[in-house]
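Residue numbers (the numbering used here), protein chains in the order written: chain A, 1 to 622; chain B, 1001 to 1241.
FYI, nobody ran anything at the bench for these hints, they're computed from the structure. All figures in this text were calculated on a predicted structure; none of them were measured in a lab. Certain hints may be false.
[Claimed, not checked] SDA-like cross-link-like pairs, simulated, lysine to any residue; straight-line CA separation at most 25 angstroms:
no.: 1; chain 1: A; residue 1: K579; chain 2: B; residue 2: P1153
no.: 2; chain 1: A; residue 1: K571; chain 2: B; residue 2: R1148
no.: 3; chain 1: A; residue 1: K53; chain 2: A; residue 2: T11
no.: 4; chain 1: A; residue 1: K579; chain 2: B; residue 2: R1148
no.: 5; chain 1: A; residue 1: K579; chain 2: B; residue 2: A1147
no.: 6; chain 1: A; residue 1: K467; chain 2: A; residue 2: E101
no.: 7; chain 1: A; residue 1: K199; chain 2: A; residue 2: S410
[Stated by the list, open to error] What the simulated footprint calls covered on chain B by chain A, stretch by stretch (three residues with Cβ under 8 angstroms from a Cβ of chain A suffice, anywhere in the stretch; the number is not a length):
no.: 8; region: 1135–1147
no.: 9; region: 1203–1213
Cβ atoms here follow ideal geometry from the backbone N, Cα and C, with glycine treated the same way.
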Amino acid sequence: MASLSSSVSHTLRVAAGLAWEAFQSVNTRIPDSPSPHPAWAPGPLPKSYERTKPPLGWPRETDSLCPRCVVEVRDAIVAGERDISELVEGSTGEIPATILEENGRVLIRKHCESHGSFEDTLSIDPKLSEVLESRFFGRDFKAADDAHVHRHGTSTIQYGRGAVLTVDLTNRCNMMCNPCFMDANQVGYVHELTLEDIKRILDDSISFKPRRQLSVQFSGGEPTMSPHFLEACAYAKEIGYWSVQAATNGIRFMLEPEFAQQAAEAGLNMVYLQFDGVTNQSNAHRHISNLFDAKRVAIERVFEAGMDITPVTTVVNTVNEEQVGPILDFMIDNSDMIGAVSFQPVSFTGRDEEISDDDRHRQRYTVSHLAHELSRYYGGKIDVYRDFYPLGSLGAFTWLADHLRGPDVSFGGMNCSCHPNCGASLILVVNWQTKAWEPLTAFFDIERFVSDINVITDSARGVGLSKMQALMAFVRNLDPSKMPPGMTVAKFLKLLNRKMGATMSSSTDEDEWNIMWVGGMWFQDLWTYDFRRTEMCVIPYATQEGEISFCAYNTGVGWRKIVENMHMVAKTGEWFKDKGRHQIYAGDRPMALGPDEVAEENGEIRLPVIQPIPHPGTVQLG
Amino acid sequence: MTAATLNQFLLEGAREHDRDGVFADWNGERWVPMPDWRADRHAIRIALVLRERFGVEPGDTVCLSLELRLEWALIERAVWGLGAISRPVLAPRDLAESKPVVVFTQSALEDPPAGCRAVVDMDADYDELLDYGGVLDTPERATQFRARARQTPPEALASIESGQELSHAAWMAGIARFHEQNPPERGRTQVIATNRPERAARTALYAGWGGGLVRSAIAAPGGTHPDGFVTLSLEGINDHG
Chain A
1 MASLSSSVSH
11 TLRVAAGLAW
21 EAFQSVNTRI
31 PDSPSPHPAW
41 APGPLPKSYE
51 RTKPPLGWPR
61 ETDSLCPRCV
71 VEVRDAIVAG
81 ERDISELVEG
91 STGEIPATIL
101 EENGRVLIRK
111 HCESHGSFED
121 TLSIDPKLSE
131 VLESRFFGRD
141 FKAADDAHVH
151 RHGTSTIQYG
161 RGAVLTVDLT
171 NRCNMMCNPC
181 FMDANQVGYV
191 HELTLEDIKR
201 ILDDSISFKP
211 RRQLSVQFSG
221 GEPTMSPHFL
231 EACAYAKEIG
241 YWSVQAATNG
251 IRFMLEPEFA
261 QQAAEAGLNM
271 VYLQFDGVTN
281 QSNAHRHISN
291 LFDAKRVAIE
301 RVFEAGMDIT
311 PVTTVVNTVN
321 EEQVGPILDF
331 MIDNSDMIGA
341 VSFQPVSFTG
351 RDEEISDDDR
361 HRQRYTVSHL
371 AHELSRYYGG
381 KIDVYRDFYP
391 LGSLGAFTWL
401 ADHLRGPDVS
411 FGGMNCSCHP
421 NCGASLILVV
431 NWQTKAWEPL
441 TAFFDIERFV
451 SDINVITDSA
461 RGVGLSKMQA
471 LMAFVRNLDP
481 SKMPPGMTVA
491 KFLKLLNRKM
501 GATMSSSTDE
511 DEWNIMWVGG
521 MWFQDLWTYD
531 FRRTEMCVIP
541 YATQEGEISF
551 CAYNTGVGWR
561 KIVENMHMVA
571 KTGEWFKDKG
581 RHQIYAGDRP
591 MALGPDEVAE
601 ENGEIRLPVI
611 QPIPHPGTVQ
621 LG
Chain B
1001 MTAATLNQFL
1011 LEGAREHDRD
1021 GVFADWNGER
1031 WVPMPDWRAD
1041 RHAIRIALVL
1051 RERFGVEPGD
1061 TVCLSLELRL
1071 EWALIERAVW
1081 GLGAISRPVL
1091 APRDLAESKP
1101 VVVFTQSALE
1111 DPPAGCRAVV
1121 DMDADYDELL
1131 DYGGVLDTPE
1141 RATQFRARAR
1151 QTPPEALASI
1161 ESGQELSHAA
1171 WMAGIARFHE
1181 QNPPERGRTQ
1191 VIATNRPERA
1201 ARTALYAGWG
1211 GGLVRSAIAA
1221 PGGTHPDGFV
1231 TLSLEGINDH
1241 G
């Protein structure tokens, strides 16, 4: 039966290949049809030859920042000594940079007349970088009618409909990680959005073209500390966001299972869970002695509530880089609950901007480090050059979906069209029962499939013929003989069908296979900064001052510090005096692992009680 | 129905339910469901402000001088969860007799009772109270609130109304009788057609909340309602024993 099945699969593959060739022999002789112009787009869907790309390859020149000038300007703006208009209208702190290959590495090198020369590593494998850049699918639409949202000078986002919109609900947190550049306890002020702020930000995000079907990710501080977290999730769903996520430490979900359930009911789809290692020791730098145990419980709570989970790990060379393999092992072992993991090579921001050159070079970790470490850890089963694709290559599938969905839709698909230097990922197919797994690219030729997508979308023969071509392209690029043990073509199609909503949802009892996305997302810092990346950022922060590229907000000119200072609610001390303190987990002590333990603890956080007065009148809460 | 107290019953409904909302709220144009999560959070937030800011302790009395509205249910649930006693103000003497520590009112109170720490004007203060409660609403406080609410004994006093003291057990007996007469039905909205906070109306309200299947709408008598809305006959609801 097995040989009959594989024989049938082989025949189908060959037939699909012949059918494809036959169809294209006619199709490519007919001029391309006009591309559809969906209602959400500023123009017709571009052909592959119309899509633009940033300058790639090396050596190349780009625009960067002086790590010292920028900090001086930012601090002066926050102090009121210089005006924010300098960032909007000028090129403050900007210097040219060269990206080049030298001694087996790809470097970024720049020189400031005031502060001297700076250099850092972008890749330890130029060949991998070249492969990744060659797989870049092309930019998305240029944004249109967006001046009310994108108005940040040279940091302005210019391209793309984006993939994930981050909204910081509050900078308050219930941990004391060191260092942290966001936490209210450490920056001295509270910046917290009102519900009106949140709604206005979300309304603005869908007010221009390309009108995009984003995911929205509520972040912070700790977003579940915001009183408006559940309402924010519900409002995002109400106005049409397809996926609502939370970047969280998971503590609230762990301590209060009811909250996890409520978050799911309010519309939260996915938890982006801080996760630094698979032992309590490897999480020790977060100053909770049983933090891994706590994370395990959080994962179970989130799963029980029916939400997806993506653990997120910041990787620092010489600190926790050895955890990369064990973390992926953990994900595979728990692939019934987990469908994705995001590794984030360190970005030196906040107080880390003061890092010494020696420490920076020693701790620097890149996507190329990650790729090679995973390949090494799994004995070559992960092929660095075959299996890793730039994050932006996922845009190919969105283009196909946009064509197949037709013009009468109000939102474009989620399009991760970021610069190829922003990160890379691989996709695994995992059997959550047997733990068998294989990179998708081991049996599916993604590179040729993407090329086929270009042919389909360029020719634009209508929905019916496009679907037929897509099916032929899919089958002809699938090699069942290289599938992992137990996987069949039928099971793979069923798996894809379940995943076509592009969630990373976990398996049901009937579905033994899952797709696991393993991402390497490398945010910039002042030494690696490249304006060609920020202008096509797909994960902007949505703030009271418009939508700002992730890296321009957290590093670069440091829009975070500027925006938060402009809109702070109170100094931290004033806030605590007025509204009381919340529990903070720190001091290298263990924490309660669930509601029963919390209920047993006697500590209460009380405020001064209002005393009886002769004529209380209207209550005064403040 | 295994819950022995209102607190246990309402916590169960907050946790286990199958409906688009626990209440339906009229916004002037249409009925809008209030999801279970919002009702639960609002009740917890009210409770936290009552406890943390107004110092409400078990056994304290909180008066509600309001017409029946869905906030009634949220406030009363908060009060019961703290082990305190709710007292509807149905007659002027109710306020003077009850010695409340907090009064919720929908109009200005010219002569608050002695010992009263706070008067919450629903129009002027309620939203601010919820906002403040939102900041207090941490997992630790919410979890402790629920844990303590569950510990309320059935014989504990829940409310005093029309001169009658009613324990949690008495309320639960009334809810059980209500369910016998009006079995919960998934997808149904029960209309409570009165603005007076009588026991019978509130019994129906809490029976719906804790039961987990039915949605409740409070409306003026005599109105017409969409399909799926069933107006309850309050005369058929027995008084508590």
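We went through each hint and held it up to the structure:
no.	hint	in the structure
1	A:K579 x B:P1153	violated, 32 angstroms
2	A:K571 x B:R1148	violated, 34 angstroms
3	A:K53 x A:T11	violated, 39 angstroms
4	A:K579 x B:R1148	holds, 23 angstroms
5	A:K579 x B:A1147	holds, 23 angstroms
6	A:K467 x A:E101	violated, 43 angstroms
7	A:K199 x A:S410	holds, 20 angstroms
8	1135–1147	holds (count 12)
9	1203–1213	violated (count 0)
The structure does not agree with the numbered hints 1, 2, 3, 6, 9 stated previously, though it agrees with the rest.
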